[in-house]
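*Asks:* The listed protein sequences derive, respectively, from chains A, B and C. Residue numbers are given in this note's numbering: position 732 of the first sequence equals residue 732, and the series is strictly consecutive. Residue numbers are given in this note's numbering: position 73 of the second sequence equals residue 73, and the series is strictly consecutive. Residue numbers are given in this note's numbering: position 156 of the third sequence equals residue 156, and the series is strictly consecutive.
Hints in this document: simulated from the structure, not taken from any laboratory. Treat the hints with caution; some may be incorrect.
Quick list of in silico lysine-lysine cross-link-like pairs, PhoX-like style, CA-CA up to 25 angstroms [as the list claims (entries may be wrong)]:
#1 C:Lys-238 / C:Lys-206
#2 C:Lys-252 / C:Lys-206
#3 C:Lys-424 / A:Lys-130
#4 A:Lys-759 / A:Lys-792
#5 A:Lys-44 / C:Lys-187
#6 C:Lys-50 / C:Lys-79
#7 C:Lys-424 / A:Lys-133
#8 B:Lys-20 / C:Lys-79
#9 C:Lys-50 / B:Lys-74
#10 C:Lys-206 / A:Lys-408
#11 C:Lys-252 / C:Lys-238
#12 C:Lys-187 / B:Lys-33
#13 C:Lys-135 / C:Lys-187
#14 C:Lys-135 / A:Lys-130
#15 C:Lys-194 / A:Lys-44
Covered stretches of chain C, going by a simulated chain B footprint (3 or more residues, C-beta under 8 angstroms) [to be verified]:
#16 142-153
#17 324-335
Cβ coordinates follow ideal geometry from the N, Cα and C atoms, glycine included.
The lines below spell out each chain.
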Amino acid sequence: MANTPNMLTVTIDGIRTQVPEGTLLIEAARQVGVMVPHFCYHPKLAPDANCRMCLVEIEKIPKLQTSCSTRVAEGMVVRSSVPHVEAARKSVLELLLGNHPLDCPVCDQGGRCDLQDFSHEYTPTVSRFKELKRVFPKQYLGPVIETQMNRCVSCMRCVRYCDEVMDAQALAADGRGTLTQITHWAGNELECDMCGGCIQICPVGAITSRLSMYDYRPWMLKRAETICSYCGDGCQITVQQKNDQLIEVNSALGAGRNNGDLCVRGYFGYHAAVHPDRVQHPLVRQADGSFAEVTWEEALERVARELTTIKAKHGADAIGGFITARCTNEDLYLFQKFMRVVVGTNQIDSSVRYGHINGVRALRRVQGTHRWTVRYEDMAQADAIMLVGTNVNEANPITALHVKQAVKQGGAQLITLESFLPVRSTVSNIATLSRHHLTVTSGQFAAAILGLVKAVVESDLVHEDITKQAPEFVQTIRTNVAKVSWQAIQEQSGLSQEDIEAAARAYSQAERAVVLVGRDVLRSLGGEGLVTNLMDLQILTGHLRREGSGLGCLAEENNEQGAVEMGAVAGYFPGPTGLDDEESQRNLTQAWGRAVPQGVPATLPNMLTRARAGAIKSLFIVGENPVESLPGDAGVTGALDALEFLVCQELFLTETAKRAHVVFPACSAMEKDGTFTNTEGHVQPVRQSIEPLGESRPDWEMFSALSVLMEHPIEYGEVREIFKEIRGVIPGYGLLGPASTPPKVDESTVAQYVTSGFKEDVDRRYALDPSSASPEGAMTLRLVQSLYHSGKYSTRAKGLMEIEGEGLLQINSREARRLGIEDGKTVLLSNDCEQATVSVKLNDRVPDAVAWFPEHFDQSVRALFTLKVDPHTHVPVWKTTYMTMTKVS
Amino acid sequence: MIFDKHQETVDDILSRYPVKRSAMLPLLNLAQKEEGYVSQAAMREIAGILDLTPPQVFETATFYTMLNLKPIGKFHIQVCRSLMCALVGADPLIEWLHKHLGIGMGQTTGDKLFTLSTVECLGSCGTGPMMQINDDYYERLTEERVGLILRDLRESGDCSMKSGPFMVPERGEGVVSS
Amino acid sequence: MKTFDKILLTNMERPGYTGSLSDYEGTGGYKALKTVLGNVPPNDIVEMVKKSGLRGRGGAGFPTGVKWGFIPKDHPGPKYLCCNADESEPGTFKDRQLMERDPHQILEGIAISCYAIGAQTAYIYIRGEFRLATKILERAIAEANQVGHLGSDIYGSGITVHVYVHVGAGAYICGEETALLESLEGKRGKPRTKPPFPATHGLYQKPTVVNNVETLANVPHIVNRGAEWFASIGAPPKSTGTRVFCLSGHVKRPGNYELPVNATFRDLIYELGGGMRSDKPLKAFIPGGASAPFLTPDHVDVQLDFESVALAGSMSGSGGITVMEEGTSMVWAALRLMEFFYHESCGKCTPCREGSAWIVQILQRILNKQGRPEDLRTLTEICENIGGRTVCAFGDAEIAPVQSTLKYWRAEYEVLIEEAEALKTSRKEIPVLSLS
Ligand SMILES: Cc1cc2nc3c(=O)[nH]c(=O)nc-3n(C[C@H](O)[C@H](O)[C@H](O)COP(=O)(O)O)c2cc1C
Ligand code: SF4
Ligand code: FES
């Protein structure tokens with residue numbers, strides 16, 4: 001697609017340079033080190049040229065021109081620091097300052113304010129403006145954002161960002177001329193993605209965060225760059241503190257995969273780390289069931305002793321480990337090493353089990369790598385992007401920004417198979433950008449994906465190469481999909497044949513196509529098969545091997561990708577490689593100086609079953625909370641109560657930790673060093689940015705300390721040494737920096753798959769399961785992720801709780817009308833299992849006959865749900881149920 | 001819903017433009033005609049029809065001075081204060097209206113009948129002073145004429161002194177040898 | 001005064017002429033359209049209009065045929081014509097009369113122009129206050145559609161022209177062509193940065209021509225009577241034809257007068273306008289709408305054409321001529337216009353937005369006898385910093401009243417400031433300002 005661009009010569013302040021055609025003058029100037037002052041220009045936004053600050057002189061053009069909107073032409077000669085250009089700048093500043101209040105001493109932007117900096121550089125200290133300044137009252141925009149419109153310079157960056165980048169269109173310019181102010185609309189409280197982008201992009205202090213307002217002067221802040229721990233996008237954040245107090249988090253243009261953008265969780269969610277409920281001291285349970293604070297020595301020794309005893313008495317496989325994929329690679333690696341080397345068991349699993357594993361298995365099977373073969377940059381070049389069950393804006397907001405940009409600026413066609421409706425509101429909705437939107441809710445994805453494959457096969461969209469190379473593969477799928485009628489597909493997916501065919505055509509005919517798969521597929525029964533079928537779709541259309549095309553599974557937790565690669569998931573060694581891989585066994589034995597354990601792996605559901613049966617006597621649970629992550633009927637409490645010894649390493653006394661015998665206080669991601677691997681596969685440095693709270697320690701230190709006490713010392717001076725070891729075990733690990741290319745598909749794996757590998761389960765994958773239909777007359781109740789939260793951790797963040805502090809049942813207004821329910825009213829939900837009373841919030845994105853409830857607040861409704869475990873991948877699935885809803889008067 | 005009973009008009013408006021958003025001003029004008037001002041409900045509805053967000057409708061609405069975002073009186077008196085009308089006596093007339101109606105600028109009389117505003121040039125500089133009341137222009141005003149106009153409006157809701165198709169100078173009047 | 005034919009006002013000045021379709025057809029209306037549609041190649045019409053020397057009547061005076069020539073010929077997608085009926089320039093009220101009295105003259109002009117540039121759709125962007133003109137235009141369009149002067153396949157030629165009236169809602173800036181396009185797209189009427197120009201990236205980013213009502217109304221006449229005829233009127237070669245001048249202010253007979261552009265201000269003000277309203281002498285006049293710098297009695301013999309007025313240091317602009325008699329305060333007059341500009345600035349550009357507010361405040365102060373000696377220098381410099389530094393020509397327009405009154409009537413400012421200085425000792429300074 002992208003040809004090498006034409007290079008043009010331009011001379012700026014005497015410096016000659018060459019820039020690609022289309023480059024803006026202001027960017028060309030920056031490249032040669034000439035900084036042209038500006039307010040309204042921002043590299044992320046289309047030029048608006050409203051502030052008139054960036055005027056420059058261009059030879060042969062009589063009037064001064066705005067360098068932010070003028071593109072370089074061949075041979076242009078530009079001057080930016082001649083007297084009349086500087087005079088023009090001075091004048092713009094004088095005009096802006098005329099109406100600007102003199103509140104710099106209390107302004108949050110003071111010290112990092114463009115207006116201040118340029119004033120310092122260009123204007124005299126006395127103002128000629130002696131008139132009355134315009135005065136706007138302070139505006140409460142919402143719980144976390146406040147505007148001080150007297151400071152506004154009308155550059156419209158906030159409004160433009162909200163529209164062009166976020167696609168939320170939540171900010172409005174109210175009024176005309178000098179009395180224009182930025183607001184939401186008509187005095188209504190701000191409702192939006194709350195990404196904080198408007199605060200960050202404001203060149204002055206006109207839009208401020210209420211979380212840190214008046215708390216600091218920017219130069220007092222100590223800054224540290226690290227990675228956000230809320231989702232798999234892995235945004236680079238700058239954590240700022242004053243006197244060891246966490247003040248705010250923001251991000252820098254050009255830094256990280258997010259390039260300065262953040263979502264609400266990254267921007268406003270930082271307080272979770274310093275929540276007063278944090279466990280700050282090692283705790284040991286007393287005879288009366290209460291916890292006592294003990295010294296580290298005491299706690300560690302107790303655990304070492306108990307584990308050693310249990311191992312001695314019942315064998316290593318009487319101990320299991322379960323760790324959260326929110327830990328660093330180093331933590332994850334060391335935990336599995338501890339379990340394998342010190343304890344001597346393969347019974348280790350992580351939260352990857354909740355669904356990401358489905359994608360990993362399918363990708364490994366079909367293309368030989370479980371990683372993305374595309375990266376964000378490929379989306380910008382893509383002709384089509386297909387989102388399948390992701391609600392990407394909520395789960396992976398920065399990936400969503402790349403999709404938005406690809407669609408809005410790159411002209412990619414968006415195809416969405418999503419469980420929500422393309423209704424527009426001031427919270428951005430990716431489906432409103434979709435050219436082919438198919439509303440598919442849980443239980444319908446299998447039919448919808450099968451429909452896509454059927455459409456490709458039957459509408460002659462199969463790529464000729466694959467027909468030649470793997471005739472049997474194509475023929476088998478053809479035969480299989482022929483057995484499923486369009487009528488059956490329509491019934492089970494709720495989609496029309498035409499819509500499916502149109503989407504299939506758009507995908508197949510695109511030169512470059514990126515598919516992103518999310519939780520509605522990954523965290524579902526048969527999720528592995530669904531991803532495999534989507535891989536088949538790639539093979540059939542020729543996209544699998546094509547440069548710039550590929551399929552990515554979206555990691556929901558920040559380090560799910562890393563957890564898999566560190567071997568912290570049942571059935572895999574670091575790499576990941578299979579436990580039966582002899583070369584790995586040999587290498588690891590050598591690297592670890594100890595034979596790898598031969599015991600069978602155990603997944604989380606396995607371990608719970610084994611615990612209930614008395615086969616597992618002790619669990620070591622790191623940062624996970626299965627009591628609240630699984631429904632009541634999963635028997636988690638029964639399993640935990642049956643244990644002889646439970647160790648939890650935690651930030652908070654969760655319902656799981658409350659059952660522990662020993663609780664180790666762990667550091668949050670902000671308090672430790674290490675690396676996270678984001679959903680694309682980028683390994684990024686995590687740096688300690690605040691002091692550990694109380695006596696909390698980084699997770700890996702506990703494993704190391706225990707290993708010493710358990711007489712198999714695995715010791716490291718600092719976390720970097722662990723990473724060095726990881727790189728020895730997984731050659732080249734971490735090399736994938738932002739500039740390098742993603743892995744390619746493994747040709748031999750693909751060849752093996754299309755000749756024979758596919759056969760194993762092809763019949764099962766291409767048959768519809770009639771049991772997935774919803775019962776007559778019932779409503780579907782789904783636990784969904786909210787944009788404003790991530791797991792339960794975020795419910796400890798005060799900013800996020802002010803935005804969304806309770807769980808409300810969401811239904812669309814049609815359903816509400818049908819049921820005679822109004823916004824804010826209480827309803828009773830009931831099914832065979834249980835009843836629950838909740839309040840209702842109208843949300844027109846929710847499809848008919850469906851209700852959503854944010855999973856972060858699921859306590860009140862969890863009892864309505866029942867657990868199903870995927871027989872093949874052991875993924876516990878339970879976030880959908882059926883119920884009836886009645887009004888409570 | 002405000003536009004429900006105007007479905008045909010709305011469809012007709014939408015049919016004129018290849019891009020929906022172009023129907024913004026026509027719909028805002030229609031809403032104001034219907035309710036006397038542009039209500040929040042109307043903006044919400046327009047956003048729905050045009051597939052936009054309410055802030056997008058709001059920010060457009062606030063740019064245009066003819067759109068009232070708050071309820072006003074039954075008759076909106078808008079007197080031109082621009083130079084050309086001022087040269088021929090707009091200012092005293094505005095003063096007179098203040099006194100006569102007993103209200104300040106932008107205010108509405110207690111009986112909700114009249115709202116008084118000044119506006120910038122309305123394009124009848126040759127026939128000033130002038131004012132617009134709702135859809136109609138009234139030109140070549142004097143205090144006496146304004147008094148009669150207000151009386152008529154109060155009494156019958158209409159006034160025959162409004163301007164018809166514009167022609168100034170009138171046919172023949174002032175035409176020198178041409 | 002030379003004798004001449006009126007062009008645009010001829011019909012409406014006929015006794016009993018109502019502007020109805022039959023009236024218009026009765027005077028030969030739509031003949032031009034019938035003649036050219038499908039018979040004369042569109043490009044020939046463009047050339048004809050070029051040759052006629054017709055220049056835009058909206059303010060900038062850009063040669064109309066040349067503007068049409070910028071429309072890419074083989075552009076595959078839709079093209080648009082926008083008729084600028086926003087007429088908001090203070091002192092201008094000609095388009096209103098053309099629309100209310102003879103709407104079909106405009107519609108015929110629109111249809112021919114659409115044909116010439118290959119547009120199938122035309123929007124008449126009319127200011128929201130012109131309710132009556134809107135009704136009259138809409139009725140005329142309905143009539144023309146009904147008998148087939150407009151619509152699909154006009155006269156069986158295969159040519160389609162749909163005309164719609166688009167009603168604004170109160171914003172002077174929407175007369176600026178790119179602001180008009182933004183507004184027509186349903187947005188805030190903020191001018192766009194150029195390039196790209198409307199000819200290539202106009203309405204919906206498609207090739208678009210924006211022409212003033214009066215400009216388009218001339219087109220049928222040029223077609224009927226030939227480019228040479230039109231080019232011979234006025235002040236060829238650069239300013240041709242007649243213009244409808246709007247006379248307002250302190251004259252006996254204000255109104256719209258159509259004159260060939262080689263007539264003079266004296267012809268207009270004294271002969272047609274009957275001279276000054278009272279017996280006071282002429283003090284100042286604005287020669288081309290509020291955006292044009294003021295001129296003095298020394299300039300009454302200047303010709304009305306674009307070049308002559310420019311040479312005199314002002315501009316012929318929209319053709320609105322406002323006359324002020326001796327005794328009018330020029331500081332007050334400048335302030336009144338500044339208040340207009342302050343009220344109407346879209347707020348996009350810093351210099352225009354902040355500058356207009358600042359100037360208004362200074363002028364208010366000076367007028368209220370609170371001026372300071374340094375004010376005049378400040379005013380001059382603010383003006384210099386607005387001119388040529390903004391996205392659209394509004395910035396250049398808004399400084400015209402201040403700069404020109406400062407140039408010719410500086411003494412009036414100085415007297416007020418001296419009075420303020422004198423008062424200063426006797427009273428405390430309290431600014432009396434109103435901005436909203
Ligand atoms: C601030 C501003 C206001 C304008 N207002 C009008 C207007 O009300 N009517 C008009 O025809 N042109 C107006 N113009 C001129 C238009 O931008 C444009 O030049 C004109 O419509 C082109 O048509 P013409 O070439 O036929 O004159 C205005 C220009 C500016 C800068
Ligand atoms: S010059 Fe004034 S009116 Fe024109 S775009 Fe700039 S701010 Fe708006
Ligand atoms: S940065 Fe160029 S005009 Fe604002």
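*Asks:* Which hints from the list above does the structure break, by number from lowest to highest?
*Replies:* Checked against the structure, the hints that fail are numbers 1, 2, 4, 9, 11, 14 and 16, while the rest are satisfied.
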